[in-house]
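First to last, the sequence lines map onto chains F and A. Letter 39 of the first sequence, counting from 1, is numbered 68 in the working numbering, and no numbers are missing. Letter 97 of the second sequence, counting from 1, is numbered 126 in the working numbering, and no numbers are missing.
Simulated from the structure, these hints should not be mistaken for lab results. Honestly, I wouldn't trust all of these hints.
A pair holds if it fits inside one copy or across any two, identical chains being indistinguishable in the list.
[Stated by the list, open to error] The calculated EDC-like cross-link candidates involving lysine to aspartate or glutamate, where the alpha carbons are at most 20 angstroms apart (straight line), are:
#, residue 1, residue 2
1, 38, 198
2, 35, 76
3, 35, 138
4, 182, 34
5, 35, 153
6, 182, 85
7, 182, 156
8, 35, 51
9, 182, 153
10, 38, 177
11, 35, 174
12, 35, 156
13, 35, 122
14, 182, 149
This structure is a prediction, so every number in the text was calculated from the model and none was measured.
Protein chains: 2
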Amino acid sequence: MRPYEKDPKAIYAESFATVRREARLDRFPPGMERLAIRLIHACGMVEVADRLAFSENAYRSGQAALAAGAPILCDCEMVGAGIIRRYLPAENDVIVTLNDPRVPGMAQEIGNTRSAAAVELWAEHLEGAVVAIGNAPTALFHLLELLDAGAPKPAVILGFPVGFVGAAESKAELAANPRGCDFVALRGRRGGSAIASAAVNALAAGLPEEGKLQ
Amino acid sequence: MRPYEKDPKAIYAESFATVRREARLDRFPPGMERLAIRLIHACGMVEVADRLAFSENAYRSGQAALAAGAPILCDCEMVGAGIIRRYLPAENDVIVTLNDPRVPGMAQEIGNTRSAAAVELWAEHLEGAVVAIGNAPTALFHLLELLDAGAPKPAVILGFPVGFVGAAESKAELAANPRGCDFVALRGRRGGSAIASAAVNALAAGLPEEGKLQ
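Can you build the whole structure from these sequences, using the hints too?
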């Protein structure tokens, strides 16, 4: 077997250097550049940089919300598992309501998926929160419906549902009308929990080369 | 906002129909076809079907191992979080050693990453196990080194490390010489914990249209 890189610092440095060399990053403001680099690092695809939609203040709003102790609302356990707790600036709560025992009954009641019903249980935490959606298009759609109905506004919506039914459409809806919230979204079918977690980690800690990670 | 699909069964059916319509699946034996469909569903990219490397019996071996109660060894918490417990046929243990307190010291000692050191703690569980690597190339590289040194063989290695340093290389090494184990791997930089979990879920439960899921 050929030798391979075993030094975590060298691996990080080479990874991020490759991303900077290959990805088109010039259109991003500084915070968003960090976030884009982390997203690319999480999925191994430099071209996702070209499909990111975002509001100008998304990074700053998300960073400030975390610093102020905002909770992080995730649509599934995997997103929660990918958030690196020691980087959170205020021991922020990471909340996943998908497996709450009330959810299946609520899903029946509202005629929507369990993922959408779980978003109803975010209500008391929504104001100023960081929302990270890495799985279910219906979670993002239903959040937008609740905002239209007057729900409190999160500070930032990190929109990364994935797949073939509703993912592209829900993110297009978010980008077209973010309901007064800051947002980041990856257009199209791609997304996923690793990308959603990476976005939260970027808001919490920037990049390893900035000395906060590792 | 335009109407969107809210019925989970319809969402699943439309998703899998889209995958079958768009992906090149004809080269796969039946079990591997199921696994490929689940991987594509997890990441939203039909073209990953073209980059899958696998041994002929990978699906059967993995399925039989789970049915026989084999543990599932994961390189990170996110992979473990993505495994749908209720589909496991024998309440199989899902083992993640990355955050074991011995790991940082062991990493120092062996001069490798924490992810590689964590693999050393798999030793007593390796024989006949299902290994799911969704993050760290060094975990896969080090597993192959341990196998070269005579470690017990897992039933199947699901190789989906992701990223820019070592991911493509470690999966190419696995595909070129799987050390007598069955395997599935996604060539190149792409991979990730959602894909690794999806591979385990496919071994455990096939596809929703087969009536085991939902």
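Structure-based check of all given hints:
1. 38 <-> 198: Classified as between: cross-chain Cα gap 19 angstroms, same-chain 39 angstroms, threshold 20 angstroms.
2. 35 <-> 76: Answer is neither; intra-copy 27 angstroms and inter-copy 30 angstroms both fail.
3. 35 <-> 138: Only across copies: residue 35 and residue 138 sit 12 angstroms apart there, 52 angstroms inside one copy, limit 20 angstroms.
4. 182 <-> 34: Neither, since 45 angstroms and 24 angstroms both go past 20 angstroms.
5. 35 <-> 153: neither (45 angstroms within a copy, 24 angstroms between copies)
6. 182 <-> 85: Within. Shortest intra-copy distance 17 angstroms satisfies the 20 angstroms Cα cut-off; inter-copy 51 angstroms does not.
7. 182 <-> 156: Answer is within: at 5 angstroms inside a copy they meet the 20 angstroms cutoff, but 51 angstroms across does not.
8. 35 <-> 51: Neither: 23 angstroms inside a copy, 39 angstroms across copies.
9. 182 <-> 153: within (11 angstroms within a copy, 50 angstroms between copies)
10. 38 <-> 177: Result: close neither inside a copy nor across copies, 46 angstroms intra and 26 angstroms inter.
11. 35 <-> 174: between (48 angstroms within a copy, 13 angstroms between copies)
12. 35 <-> 156: Cα proximity of residue 35 and residue 156: none, with 43 angstroms in one copy and 25 angstroms across.
13. 35 <-> 122: neither (33 angstroms within a copy, 29 angstroms between copies)
14. 182 <-> 149: Within one copy, since 13 angstroms is at most 20 angstroms while 46 angstroms is not.
Violation of the numbered hints given earlier is confined to hints 2, 4, 5, 8, 10, 12 and 13; the remaining hints are satisfied by the structure.
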